[in-house]
Amino acid sequence: VKKFSLIFLLAGFTAAAVAPAFAARAAGSKPAAAQAPVPATETDQTLHAMHDEMDRARTRLALAGVDKPFYVEYRLLDLDVRTVTASFGALVNSSTSRTRFMAVDVRVGNYHLDSSNFISEDGFQGFLGSTGEVGIDRDYNSLRQDLWLATDQAYKAAVTQMALKQSFLRSLTKPPEIDDFSQAQPLVRIDPRPDSDWSSRNWDEESREASAVLKDFPQLYGNRVNYYLIYATTYRMTSEGTTVRSTRHLAAIEAALDTQADDGMSLHNYYAVYRASPADLPDAATVSKALAGTAADLMALRSSPLLPDYTGPVLFDAPAAASTLAQVLEPSLSGARPPLAMTREFDSFIERFGGRSEWSGRVGTRVFPTSVSLFDDPTLQDFQSQPLLGGYDVDDEGVKSQRVDLVQNGILRDLLMSRRPGPDFSFSNGHGRSALLSDPHPLSSNLFLQSNDALKPGDMRKKFLDSCKGDGHEWCLEIKRMDNPALAAVSQTDFSEFVGSLGSGISNGDRAPLLVYKVYVADGHEELARGGFLEGLNMRSLRNILAVGDDPYVLTYMQNSQDGLSGTALGSFGSANGGIPGTMISPSLLLDDVEIRGFHGEPSRIPLDPAPPLK
Amino acid sequence: MMKRHLKYRILLASAALFAAAWVCPAADRPAQSPPPAVLGAMQDELSRSMQALSVADPPAYFLSYTVSDRQLSEVSGSNSALLSSTEDRARWLEVQSRVGSYQVDDSHKLGDRPPSWTSPGTNVPIDDDIPVLRREIWRETDRQYRAAAQALIKVKTSEQVQVQTAEGAAPDFSSEQAHVSIGPRVEIHVDRKPWEERVRRYTAEFSKSPAVLNSIATFTALATNQYQVNTEGTKLAFGQIHYRLELFVQSKAPDGMDIERYSNFDWLDPKDAPDEKTVFDSIHELIKETEALDKAPLANPFAGPTLLTGRAAAVFFHEVFGHRAEGFRQKDIAEGQTFTSKVGEQILPGFISIKDDPTEASFNGQMLLGYYPFDDEGVVATNVQLVDHGMLKTFLMGRSPLVDVPHSNGHGRRQLGYVPVARQGNLIVSSTQTYPFAELRQKLIDLVKKQGQPYGLLIDDISGGFTFTGRGQPQAFQVTPLVVYRVFPDGRPDQLVRGVDIVGTPLVSLTKIVATGDKPEIFNGYCGAESGSVPVSAVAPAILISEMEFAKKETSTDRPPVLPPPAHDPDAKGQAQ
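As you go down the protein sequences, you meet chains D and U in turn. Per the numbering used here, the very first residue in the first sequence carries number 1; after that it's consecutive. Per the numbering used here, the very first residue in the second sequence carries number 1; after that it's consecutive.
Hints are computed from structural coordinates only; laboratory data are not their basis. Heads up, the beta-carbon is just placed ideally off N, CA and C, and yes, glycines get one too.
Just the calculated beta-carbon pair ranges, DEER-fashion: (1) U:L110 <-> D:L63: 49 to 57 Å; (2) U:I188 <-> D:P218: 36 to 44 Å; (3) U:G491 <-> D:M342: 55 to 63 Å; (4) U:V55 <-> D:P308: 36 to 44 Å; (5) U:V343 <-> D:S167: 53 to 61 Å; (6) U:K552 <-> D:T173: 41 to 49 Å; (7) D:P218 <-> U:V55: 22 to 30 Å; (8) D:E121 <-> U:S158: 30 to 38 Å; (9) D:E205 <-> U:P35: 23 to 31 Å; (10) D:E121 <-> U:P436: 50 to 58 Å; (11) D:S303 <-> U:I188: 44 to 52 Å.
Which residues of chain U face chain D? A partial, calculated answer using Cβ under 10 Å: (12) G77; (13) S84; (14) T86; (15) N123; (16) R135; (17) R146; (18) K252; (19) D569.
I would like the entire structure built from these sequences, with the hints used as guidance.
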């Protein structure tokens, strides 16, 4: 076992082809791993080792004078990842890695009050910890040794945590009455383990071929074209009787391109495509063509005029609407209580990244126009023959996935739940999600916004121009694409700078558009403009959506799992490199009275000597 | 109030995965090879950039480009299973752009602001696509020039309010002679399969002992080709190869104290890999020591005569003397500056001399891990006589000069991603007052009797320590002796003890060396400090110290596991595999 504290490895998940369904066993208190339907020819000893160590932990793990564990959970993630990066037709990196990580959770107390949901600065300092990198042989002996130590460490940590939590609770005038952990039906389900398939195509060569077209754009400063091919098998066993082996795969191409305008403004653009498996990825010629388009847009942006300050109607094309909704909605979808924190730092952290829910405690009130509904459905495989990669059969807490109707006819009806109860709802609805064995929390999967009063594109445009005219504008703004700095940043530093530049703005509803057009009322002609932020675009702006189109777009994106960003407004800026797949299905939207602040900063200077030729 | 940047350095004998390792089969390299295309591209872009940047506002006065081309194979096992088996190749570009002048430039240290030890850089293509490489260099040059220009403005505006110290008058950067050397490219061809089997076998052997809670075996093969050009005219291409096998075990004594044992093998040529018998002997030795340490009694605080075997003494010198002889520390007012004003003074007994010689690839036929031909600032490695018959002569220098030591002596080193500072290479301690080990042991017993002590201590292995050289910290050092025996005056067998930490003040302990052994021993390891983890060697004979001070090691509150190991559980029912 190797200790790991910082999670930086690749992971990605997408629903695999549905595995033969195994009937869930009746709820019982006994773990069922040994009886689980593992094929006789199976060489994978993972569940066997988990079962035997779990058995010891359940029956014999006890320290004198303190509680015995009431809940033990083993999670193991088996990753097989191929990563290829090219730039301007040259290979930057090509690697394959196979890794396995385990995470052991032991809780003392009971479902109402247990050792979880508590953040403190102190705690148990073990010699190994309860998480770590473990052997990749899928063997029995080494995993038992590793689980044994991790369980021991997790139990000691739980005992310490419980003592700290109880003393903190005694210091509160009104301790929270919500349960720490909800009961859930145990589930037994073993997916077949797929063999990774990436020898069929020469990915090094494809990445070179695809990115070579960027040499045609001499004004492009830098670029990275990344291929991620990911196979993940997740194992889960709990002392409640859940035994799950689920497999997921994901293939992605993500490209970042950047440049500077002549006045020094930094500009970027991105390209991203996500598929369920490597074989489904577009070929090099297709990617090359798409990258040329991405670069051409960036070049157009480079020579476009600056966006002025503006207040008025804004038409969000469906891709821009989907991206905006993902940012605005996600923080409010979760119905789980926040953990108790001894310090204010945790709260302000969540606040800063726009992680505060605006819907908690507002169930039954109107949050959208009465024609608009919102639901999340992880059980769907596709929509209008497009695959939906946000789905799954079992969530990361071993709970069966289910559709949740969040908003019906404008009224908030439900929230996404993990096994952490909240003020409005108590039980999980199968939305506990996590990346890389981090703490699961409620996240969307395939999120749909629909209207029963949708307008055809022509009517939508007419309404846009009418309301523009009505406001007395010469032109109004149409947003065709929102920015995604996580994908567009050529380096991590660039992403950090972007997050820094947003500052606290993100929690006030600052959103970054990428391709914004002035649309002239007189003749409807369009002019691209650059720079600027949408301001104050939050849940309240959505209560009075002026019009909804009938042109739903499937946006596949990755929830950013870094530093607790998932579930915040910044959370939709993720990468296949460590992200959690989600889709947002939204038509175009017309919003009234949107504020846009043009570029007021100091542009940086342009390089002193011209770029050397690329050919 | 003021949060002090904790400076520590560890003589890390553990796996430094991404650390560059500079060990090279240097002896019979052809004098000059044709310059590789990469170096040509770097030179072309350097000339072009300097033309533009040297007349910019502010002008750049120095530019350097470094491309580190690394090929790494790593196979790791734990508790009888394979942990990982990977191969990777990457090229890392670093651009240094300095604006201002050698005397005062953008790197000038400002007040209490902690300096940044990390150095920016970027991955560049591993394909030899010259236009793309030049594009990346251009990009990175622009980034670093901008950063330097901004930093210089801060330096200029705060110059007036700076407290001037003696060393504050030293220039920020030294000018150095140009050096041109084009060596051949090095490559490794590793078949990982046999190593995958080996690390499984090695760690399975450890698992036979119930005392071993966790074991890791890691094989690493690393080939680094470094390309460097700068505007002073230096142009270098050189390669180094290094193979390493590391064994590591963890245990816990009944009172919860962590027990860790470690051993490693280093070699340059695949044919010199340790054979199975050698590795298994080492494994059995580690198990034996682990089991003995688990049962060993706890040491008591002690001050008295102490004998350090050669390897232990080597680490001792590295920590206590070596780090304090690093030149950049003499400039920093936050540093303790133990030796800053002591050049020309007697700091050690007259029979001891110390040099740091990175130009030696081996010592008495054994390889030295701290060998390198050029340092990470493009300066030729040189042998530096630090202490001559007890007298301090000079310091280890990178390109951050001192008032009295204006030039580098080729010790500017770093791990990739860090800014080079003066570091040790091969620290070699020699003595003119030597005795065979048996005699030295007798001298220890004589001292025990003379001082009326119940016993003396024999330190056989020593590992990672912290050396607090910062002014806010006590001027003390703490290295961790791993294998310590009590040596009794009445002829009883030596007794292994655990939980010992060395404490005390460095100057005092150095002056209390009374005799040394006649056989120098070598410690090869990775040393972690401000500029990351770098491979080093320390060579020393055994040393006898008339009085050394020991404290009790802090023990962990984490007790041994509640349940017995699964493979050694008497109450387990039919679970064995």
